[in-house]
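> Each chain is listed here by its residues.
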Amino acid sequence: VTTTDLLSVLDADPDRASEKYIDLFERLTKFFQWRGSNAPEDLAQETLRRGFGKVAAGAVIYAAKPDSYFFGIAYNVLRESRHTAATDRTVSLDDLPLLAGVDFREPETRILLAQCLSRLTDEEGIALTRYYTEEDRSNLASELGVSDNALRVRVLRAKRKINRLIGRGTPAGRLK
Amino acid sequence: MDPDVPNDEDLLRRFLVGEVSDQEREQVERRFIADPDFYDSLRGLEEEMLLSYHQGRLPDRWRLPFESHVLATAEGRRDLDRMGAFQDALAAARPGVPAAVPPQRRWWGFEPGFGLMWAGAAAVLVLAAGLWVSRDERGGAPVAPDAAQRNANIARPLATFVLVPGLTRSDLRQSNIFRLPAGSGDIRLELTVPADGVGDVDAELKPVGGAPLRIASRPQVRSAGNSLVVSWLIPANDLKATTDYLLTLWRSSTSPGEREAIASRFFSTVE
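Chains as they are written, first to last, in the numbering used here: chain A, 706 to 881; chain B, 95 to 365.
Treat the hints as calculated values from the structure; they're not laboratory data.
One thing to keep in mind: the hints can contain errors.
[What the hints assert, rightly or not] Chain A residues, not near chain B, derived (Cβ > 12 Å throughout):
no., residue
1, Thr-708
2, Thr-709
3, Ser-713
4, Asp-720
5, Ala-722
6, Arg-755
7, Gly-758
8, Lys-759
9, Ala-761
10, Ala-762
11, Gly-763
12, Ser-786
13, Gln-820
14, Leu-833
15, Thr-834
[Unchecked claim] Pair by pair, the computed Cβ-Cβ distance ranges are:
no., chain 1, residue 1, chain 2, residue 2, range
16, A, Asp-718, B, Thr-336, 46 to 54 Å
17, A, Arg-721, B, Gly-303, 51 to 59 Å
18, A, Ser-823, B, Asp-296, 28 to 36 Å
19, A, Glu-828, B, Arg-282, 27 to 35 Å
20, A, Ser-713, B, Ser-358, 49 to 57 Å
21, B, Lys-334, A, Ser-843, 23 to 31 Å
22, B, Ala-128, A, Ala-761, 23 to 31 Å
23, B, Arg-282, A, Ile-766, 45 to 53 Å
24, A, Ser-843, B, Leu-158, 38 to 46 Å
25, B, Arg-124, A, Ala-717, 21 to 29 Å
Glycine included, every Cβ here is placed at the ideal spot set by N, Cα and C.
Please model the entire structure based on the sequences and the hints provided.
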């Protein structure tokens with residue numbers, strides 16, 4: 706079973722499937738982190754291993770949104786993690802997309818950031834820069850004519866875009 | 095979910111600081127599993143709380159549970175650290191950032207534009223840090239923006255250690271642990287304390303079981319609602335790797351010569 710085959714359960718298009726895989730990993734990690742789990746990234750990896758392991762073994766995902774399938778596994782992993790270490794490694798994820806967070810202390814990453822900022826739209830770039838460098842973010846939202854929530858989401862997505870652009874181009878973005 | 099439709103923000107903030115019932119937790123989880131837009135709203139709010147905390151602007155209502163719930167975990171402290179690094183890098187990369195003006199050391203001083211001034215200064219410091227490390231690692235000419243090259247000779251590298259309360263050195267997972275930057279440069283030790291009744295303050299920094307180190311700089315203080323964010327710049331060379339430190343903040347007593355401890359923070363250094 707190839708990596709592309711595995712990821713196709715998320716989306717038929719390989720590029721979109723890779724993006725969804727990274728999104729899923731991030732959400733699983735946050736799920737475990739917000740639940741107060743130790744080593745949430747390990748538990749997210751474990752969830753993906755089990756899920757894709759079942760797919761590799763021939764399981765068919767009927768859920769309209771495959772995320773639900775993986776979160777169903779995540780609840781089991783969460784329960785087990787509170788009793789014992791979960792170690793069911795049935796499939797290697799070594800060849801799947803890179804997952805680590807970008808380290809902005811790395812000099813190369815800082816230099817790349819300037820280049821990646823130019824890849825954002827004006828709207829994204831202005832929101833991102835001002836959001837992180839000004840203190841009154843509610844005032845910024847008013848000035849831009851959006852709600853506080855809409856500004857936060859816009860900035861989060863712009864930052865995510867930056868992270869992924871940098872993650873594709875530097876060692877800092879590689880899976881540790 | 096339409097991003098302009100307001101969420102129950104109070105519920106989401108309580109979710110993030112662990113103040114929800116099991117039923118409320120499951121309600122939020124169901125929504126963010128099923129709805130990516132809702133998940134982004136939640137993540138955006140989390141980032142906003144991290145940023146507000148970093149800026150010393152998170153109200154006490156949220157700051158205290160944020161410290162005891164989020165920052166009590168290694169992942170929470172890592173998120174805060176990453177967010178701070180991103181903020182610094184963004185300020186450095188922002189086109190049109192003015193040339194560095196070293197921030198004035200103020201005593202109890204806080205004025206509009208202070209944050210922007212710091213951002214400008216940090217920009218150059220961060221760019222210089224990039225140059226410095228690049229040179230260190232590559233041993234050749236660095237690849238860096240022109241602005242960094244112009245300003246590299248007027249700033250020193252800066253790393254900020256945000257000292258979270260309630261962490262002891264007895265449990266590695268629950269400690270303030272920082273990696274010392276290689277070579278020279280400055281370290282900003284930063285902590286947040288309640289503002290109530292604080293007058294003149296002084297700090298004592300010492301390795302656990304050792305003699306106090308001399309802190310030559312005056313503390314930098316920012317007002318943040320009912321809190322004060324206090325920080326000192328110390329030369330990185332003053333700290334040794336693999337050492338436990340205790341920073342104690344003292345308040346001058348009404349009785350001359352007496353001091354009263356306001357806060358203390360343990361932290362450990364690694365190479």
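> Checking against the hints above, which ones are violated?
13, 14, 15, 18, 21, 24
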